[in-house]
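K.L.:
As a plain string of letters, each chain reads:
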Amino acid sequence: MARTTLTGPDIVTRGLASNRLGVPSVVFFGVAGAAPLTVILGAISTIYAVVGNTAVPLVYFVAALILSLFTVGFVAMSRHIVNSGAFYSYISHGLGRMIGVAAAFIALPAYAAMQIGLLGLFGVVAKGILAASGVKVSWFVCALVGWFLVAILGVLWVDLSGKVLAVLLTVEIAIVLVYDFVMLAHPHGGRVDFGPLNPQQLATPEVVAMLVLAIAGFVGFEATVVLSEEAKDPKKTIGRATHWAVFLPGLLCGVSAWAMSVNAGDIVGRAKADQTDLVFNLVAAYVPEALVNVGYMLFLTSVFAAMLAFHTSVTRYQFALGRERVLPRIFGVAHPRTGAPIAGSLTQSVLALGVLILYFVTGTDPLVHLFAWMTVVGGLGVLILMWATSAAVVGFFLRNRRRENVWRARIAPVLAFLLLSVVLAATVVGLGQLLQVTPDSPFNWVFPTAYAVCATFGIGWAAIMRGARPDAYAGIGRGTEGFVVPEGVFGRPARPHRVTADVAHHAA
Amino acid sequence: MLANSYYLIAHDDRTGRSRLHPRATGLGLAAGLLGELMLFGRLRAMTGDLYVVSHEPPGDSLAHTLLDLLVAQPQHKEIRTWLAYLSQDAADQVGERLLRAGVVEPVTRRKLLSAQTLYMPVSPDQRNAAAWESIRLAEALGRRRSMNLADRVLVALVVATGLTRYVFFSPQQQRDCMQNMPGIMSSLPDDLVQLVQYTEAAVGSALAAGRR
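Heads up: the sequence lines are chains A and B, in that order.
Residues in the first sequence are numbered consecutively from 19, following our numbering.
Residues in the second sequence are numbered consecutively from 83, following our numbering.
Treat the hints with care, since some could be wrong.
Stated by the list, open to error - Partial list, computed: chain A residues near chain B (C-beta under 8 Å):
hint: 1; residue: Ile29
hint: 2; residue: Val30
hint: 3; residue: Phe337
hint: 4; residue: Arg420
hint: 5; residue: Asn423
Treat the hints as calculated values from the structure; they're not laboratory data.
The beta carbon of each residue, even a glycine, is placed where N, CA and C say it ideally should be.
Just chain A, with the same shape it has in the complex:
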C-alpha cells in the first residue's frame, strides 16, 4: 500500500499507520459481536421456530439495506466527531446531551440483555455437544461455565485478539458457505423454491416486526466506529469497514436462511422439532460427520466470542459513562496495568449470574425465554438506539452540512430515519407476537415501557447533572478527549482549565 511508494506519506504518518488497524481487522472486530454462525445457527432457526413465518431470508436482506442506508450518514458524521464513541455520543452531539444520556440508559440494559440471552444459547449448545459425547449435564451448568470464563476474561480485559477472531471468523464463514451450498444443491422436492424471497411478504406487519430480529444480528457494527482512533486512516478505513460489517452478515444470513428453507421444505415444522440443531440435521445426510462436528464446535466458539464481545460492549459503555461522570466515578476507574474497567465488568457478571439463577430456579426454558426473549428485548433496545442515532445524524447535518454531499448529509439519513421509524413502530406494536405471548399478557407492553422509563430516567438524570455539576454535564458524549477539544460549536468553553484525571484513576 502507501508504505511501498516512494512519495508516500511521511515518517510520522507511516509510523502511526504501521501500528494501527486496517479494514479487515476493524471488520473482524465489528462482526465478532454478531458472530455470523451464532446468528445463522442460533437466531435464524429460533426465529423460524418461534415466529413461524417463512419470510426470514427477505427480512435479513431488507435489514441489511436499511442499515446500509443508515451507515452512509452515520459514517459521514463519524468523520466530524473527534472522539467518536458509541451510539450515545452521536446522539448527544446531534440531539443534545439530555437525549444522549437517555440513549446511554437504554444502551446499557439492551447490551446487557443481549449478553445474558447468549448465555442461555451457550448453555443449550454446550449441553447438546456434551450429550452427544455421552455426558449428561444441565444447561445451567454449561451456562455457568461460560459465565465464569467470560467473567474472568472480562476482569482481565482479555479481548480475543484480532488474529484469533480473524481465523475463527474465516473458518465460520467457510463452513457456512459449505453448508449453504450443500443445502441449495439438495432442495426439498428437487426444486429450488424462490418463494421465501418474494417481496410481497413485506406488506404484512408481522414481517416488518421481524426486522428487529434481523437487526439484532447486526449489532456489532457499532463497534467499528469505536476503533476510529485506532484505524490507519480514520476517514476511509472506518467507513469501508462499517459498510462491510453490515454487508457481510446481511448477505450470509439472508442466503443461509433461504438455503435452509429450500432444503427443509416445511421449514417452520423442522425448526420447531430440531431447534438449534436444525442446520446440522439438514446437512448431516450430505456431508461427512466430521464436518458436522466441526460445525458444532465452531458454533460454540462463535457464541462464546459473541458473549465476550457483548460483555466488552457493556463494560466499555460503563467505562465511558463513568469517565464522563454520568455513572458513579467508580465505573470510570481502570486497572492501571491492564486497563480493565473492573467495576463495570463485575457488575455485568453479577447481573448475568443473577438472571441465570433466576431462570434455573424457576425452571424457565433457556432457549425460548432466555435466549430468544432476551435477544429480542436487547434487539429492541439497539433498534431504539439506531433510530435515535439516525435522527441525530439528520439533526447534526441540518445545523451544518460540513461539506458532505447532499446524499450523505441529507437524503440517506432522512430515508434511514423514516425506515427505522417504521420498523420501530411495527416492532413495538408486534412485540407480543414476536415473543409468542397471548394478547392480554403484560409482556406485550412491559419491555417498551421499561425502555421508556429508562429513557425518562436518563433525561431526568441529565437535568439533575446540568443543575448540580455543569462541568460534567458539558462533557457528556464528548468522550475521554472531549474536554480538551477546542470547539465552541456545542457551547463548550474552548479550553477549560481542569484536570479530570484525579477522579478517574484514583477513586478506588
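Following the hints, position chain B against chain A.
P.N.:
Only chain B this time, still in chain A's reference frame:
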C-alpha cells in the same frame, strides 16, 4: 530530565516491568519528551497544536533528535498525533538515554519465544536513585515544599497517567495530592497544561479501546 524521572517512576525497580498498561506508559514518556522541549523553551502549544519557537539545539541528544523531527515534519502539529507517534518507542528511547547516563543497565529477559531487553536499575546506588524520584515528589508535596517547574509537570503527568499510587503510597498522601492538583495545574504555563490534558485524554482513549 522530565522523561527520565517519569521512566523511573513508571517502571518497577525490581522487575523492570511497566507499572501501567504499556500504552499508557508510552504516552506518559512521550509527554515527558515533549515537556522537556517546552521546559527548554524550544516548543510551545496553542489550542492543541505544537509550534517550534527556537531551532537552537538543546543540550540533550534525544531532545535534539526530537526537535529535528518536529522541525522536519511541520505538517504534523497536533499534540495528539505526536503523543501517539512518540509513545510507540518512547520507552526504548528514554531507556537508552538512562543507560547512557549510567542510571540503569540493560537486562535481557527470555520469554517463551522472544527476548526482551529491559532497562532497570541494578546496583544499590542505581536503585536508590530510582526510588528517590518518587520519594522526592511525595516529600515535597507532603512537607508543602515549593517544587520547581519540572517537578510540578512531573506530578501532573504522574496523576494524569494513573501512577499516583506508586508515588503517594498512603491514602492520606493521595488525598493531599488531589487537593494540591488544582493549585499545581494553575501554576503551570499554558503550554504544559495542554500537554498534560492531552496526555490524560490519550491514556483514557487507549485504555477504553482495550487493544494491545
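K.L.:
For every hint, state whether the structure bears it out.
P.N.:
Going down the list of hints, with the structure as the test:
no., hint, result
1, Ile29, "holds, 7 Å"
2, Val30, "holds, 5 Å"
3, Phe337, "holds, 6 Å"
4, Arg420, "violated, 19 Å"
5, Asn423, "violated, 27 Å"
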